[in-house]
Amino acid sequence: MDSRPNPAPSPAAAATPRQRRRKSWAESLLGVRELPPGIGLVAVVLFFSLQTGNFWSPQTMTAISTVASTITIVSVGVTMLMISGEFDLSVGQNFAFTPIVWAILFVGNDVNEWLALVLALACSAGVGLVNGLVTTVFGIPSFITTLGMFFVLEGINNLLISGHQLIMFDPRASMEFLGGRIATTPFYMPLIWMFAIAAAFAFVLARLRYGNWTLATGGKVGPAKAMGVPTRRVKRRNFVLCALFAGLAGCMQFAYIKGVTQGQGQNYELLAITAAVLGGTSLFGGSGTIWGSVIGAFLLATIQIGLVLIGVPGSFYVTFIGVMLVIVVIANVRLGRFGGSQT
Amino acid sequence: MSGPTNSDHVIDRSSEPVFELRSISHAYGRNKVIFGVNLSVWPGEVVGLVGDNGAGKSTLLKIFAGYQPPTEGALRFMGKDVRFASPAEARAVGIEAVYQDLAIVDQLSLWRNFFLGKEIVRPFGPLKVLDRQRMRSEAEAAVAALGLTRIRSADETVSTLSGGERQSVAITRAMHFGAKLLLLDEPTAALSVRETRNVLHSIDRARAHGLGVLYVDHNMSHVLPVADRIVLLELGRVVRVLDRDEVSIEELQDLVAASAKRLES
Ligand SMILES: Nc1ncnc2c1ncn2[C@@H]1O[C@H](COP(=O)(O)OP(=O)(O)OP(=O)(O)O)[C@@H](O)[C@H]1O
Ligand SMILES: [Mg+2]
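Sequence lines, in order, name chains P and F.
Numbering that gives the first Met the number 0 applies: residue 0 is where the first sequence begins, and numbers increase by one.
Numbering that gives the first Met the number 0 applies: residue 0 is where the second sequence begins, and numbers increase by one.
Just so you know, these hints were derived from the structure itself, not from any lab.
None of the values given here were measured: they were computed from a predicted structure.
Keep in mind that the hints are not guaranteed to be accurate.
[What the hints assert, rightly or not] Computed, partial: chain P to chain F, Cβ under 8 Å:
| no. | residue |
| --- | --- |
| 1 | ARG206 |
| 2 | ARG208 |
| 3 | GLY218 |
| 4 | LYS219 |
| 5 | GLY221 |
| 6 | ALA223 |
| 7 | LYS224 |
| 8 | MET226 |
[Claimed, not checked] Anything over 12 Å on all C-beta distances counts as not near chain F; from chain P, calculated:
| no. | residue |
| --- | --- |
| 9 | MET188 |
| 10 | PRO312 |
| 11 | VAL332 |
[Said to hold, decoys possible] Listed next, with one range per pair, are the computed distances between beta-carbon atoms:
| no. | chain 1 | residue 1 | chain 2 | residue 2 | range |
| --- | --- | --- | --- | --- | --- |
| 12 | F | ALA91 | P | LEU114 | 37 to 43 Å |
| 13 | P | LEU282 | F | PRO122 | 35 to 41 Å |
| 14 | P | VAL151 | F | ILE119 | 42 to 48 Å |
| 15 | P | GLY154 | F | ASN52 | 48 to 54 Å |
| 16 | P | GLY154 | F | ASN37 | 54 to 60 Å |
| 17 | F | GLN67 | P | TYR209 | 23 to 29 Å |
Glycine included, each C-beta is placed from N, C-alpha and C at the ideal position.
Bound conformation, chain P alone:
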């Protein structure tokens, strides 16, 4: 590959034999970043199992898994983007915008359902591209860019949905494909998509050059650029990825519920970031894991459904999540976990 001089070890180096030390089993386990949120999830599941008789019922499992699946899919994109050092506050609106476009095309205008889906997803990716270009070309915080996009999309959603009947009673093949029931189980397709997407991106992050570049870009942009990483392109791609997954998850939600309102996806940007942070992703970029975000999303979903089961008013759960989020971040900062590495 490259012809380089391979300097012989200097005398000083040769004189000092190097001690090689591998991490012990216990050290490796403690180093697993998914462990703390995993323990949290187990604790929460145990708590609700003991508090209510019907926690393990098919209905509860359906509810938790469908809520968790869509949050996770959004959160995978958000996690990649956060690791590369940026935020996207527009994913929640995109989560409604994309299925609205899809539904208008094929419910309202009889476009082929698959073509309509592809067009809708192209729109969601376009939103991400705009977010990425505005942020990297003008060098402004993505917090602002995507907050602006949040409002832009909210307005567009209001405009698009007025006067449209976006409910689809007879399920179509594409809807079954994205959000239908998995035969003879209480689970729905988003669960499968969720695992596939999470596994794919856990692999991308740990094993591909792109993952390494994403970690480096979010870690410290200057040194990454100095080593030849195309940091702006990496960020733009993650913006597109993030928006695309938000749109895709929104379409799954539509396919599952068989309808879409402009209220769909409310708070999703915050829930997706919360899932990522509960799962150990750094707010400052440079570190995080996909499986951590999956666990974080299941944690959110379990608490949401579990609180309903034990008779707490449904909309109260966000208060609980808010407190938990702050405690987890304080704990992570105290334990210095945000500095962790990807090996």
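With chain P fixed as given, assemble chain F with the ligands onto it according to the hints.
Quick look at chain F with the ligands alone, frame taken from chain P:
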């Protein structure tokens, strides 16, 4: 062998330089900091670049490295005009840099830092995946060869290393990948006496292998023993070019101090 030495070394300056800056000027926004600099580095030559704080040494080095294109002037690499759009292009032709302020990504493990931008991949179905085993062992071997005994494993996060150790990782990386030209911006600033000596020896070995080296340092007793030529930069202009035999360490120190003094008045 008491220390690096360059006295028995002859450089053929009739051949093409490895790298040449031709009337380079550079401005950060409206603040012009480099004015018409000409500077060449020949194969097997160590050029010491010295000057007061803010003289523009790091800026010149970043232009060499493709980190930032100059606002005016031409770059020539191995006798051909080049224009690097990014450091990746400069690295691809064998130019490696240790930057003063852009060394290492703290959150990444040692091997990920070491191979950042130059990752070794292997085929995995239709994909190319990182060859982690190979990168780990090569990074460990390279670090061991430069004599950094305290680094135990390539999986170690760089944020757990000391400042000097991080600096050493960056230097080792440049030495490992550099094939034609090494750009070193105050590489020994954070290093102990023993590690500084190792770095100076490595510069010597790079020269012996025919690499060109541009070496920035404020410590003349580091620069003079390894440099073949010394370039004094003052407010973005080359004010003196000296052959190493022309000066002593004391004279060099006086020259730099005089330059700094001129700036004050
Ligand atoms: N990124 C930047 N943006 C704006 N101005 C800059 C930037 N980097 C350097 N400068 C300015 O350019 C001039 C030269 O800086 P440079 O870093 O090249 O100096 P130097 O010779 O390396 O100094 P030192 O010995 O302190 O490292 C300084 O006046 C500095 O203020
Ligand atoms: Mg400098």
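Hint check:
1. Hint status for ARG206 (chain P): holds, given a least beta-carbon distance of 5 Å to chain F, under 8 Å.
2. With its C-beta approaching chain F no nearer than about 5 Å, ARG208 (chain P) sits inside the 8 Å limit, and its interface hint holds.
3. At a threshold of 8 Å, the smallest CB-CB gap from GLY218 (chain P) to chain F is about 4 Å, leaving the interface hint in force.
4. At about 5 Å, the closest approach between the beta carbon of LYS219 (chain P) and any beta carbon in chain F falls short of 8 Å, and the interface hint on this residue holds.
5. Restraint check, GLY221 (chain P) versus chain F: the minimum CB separation of about 4 Å is within 8 Å; hint holds.
6. Here the hint on ALA223 (chain P) is kept, as its CB sits about 6 Å from the closest CB of chain F, short of 8 Å.
7. Interface hint status for LYS224 (chain P): upheld, as the beta-carbon distance to the closest one in chain F is roughly 7 Å, under 8 Å.
8. Annotation: MET226 (chain P) was flagged as interfacial toward chain F, and the flag holds, the nearest CB pair being 4 Å apart, inside 8 Å.
9. For MET188 (chain P), the shortest C-beta to C-beta distance to chain F comes to about 25 Å, beyond the 12 Å cut-off, and the non-interface label holds.
10. The claim that PRO312 (chain P) lies off the interface holds: its Cβ sits roughly 41 Å from the closest Cβ of chain F, which is beyond the 12 Å cut-off.
11. Non-interface call for VAL332 (chain P) relative to chain F: holds, since the shortest CB-CB distance, roughly 15 Å, exceeds 12 Å.
12. As the Cβ distance of ALA91 (chain F) to LEU114 (chain P) is approximately 42 Å, the hint placing it in 37 to 43 Å holds.
13. Between LEU282 (chain P) and PRO122 (chain F) the CB atoms are about 36 Å apart, so this pair conforms to the stated range of 35 to 41 Å.
14. A beta carbon spacing of about 43 Å between VAL151 (chain P) and ILE119 (chain F) agrees with the range 42 to 48 Å that was offered as a hint.
15. Our hint of 48 to 54 Å for GLY154 (chain P) and ASN52 (chain F) holds, since their Cβ atoms are close to 52 Å apart.
16. The hinted window of 54 to 60 Å between GLY154 (chain P) and ASN37 (chain F) holds, with their beta carbons roughly 57 Å apart.
17. A hinted range of 23 to 29 Å for the beta carbons of GLN67 (chain F) and TYR209 (chain P) is consistent with their spacing of about 25 Å.
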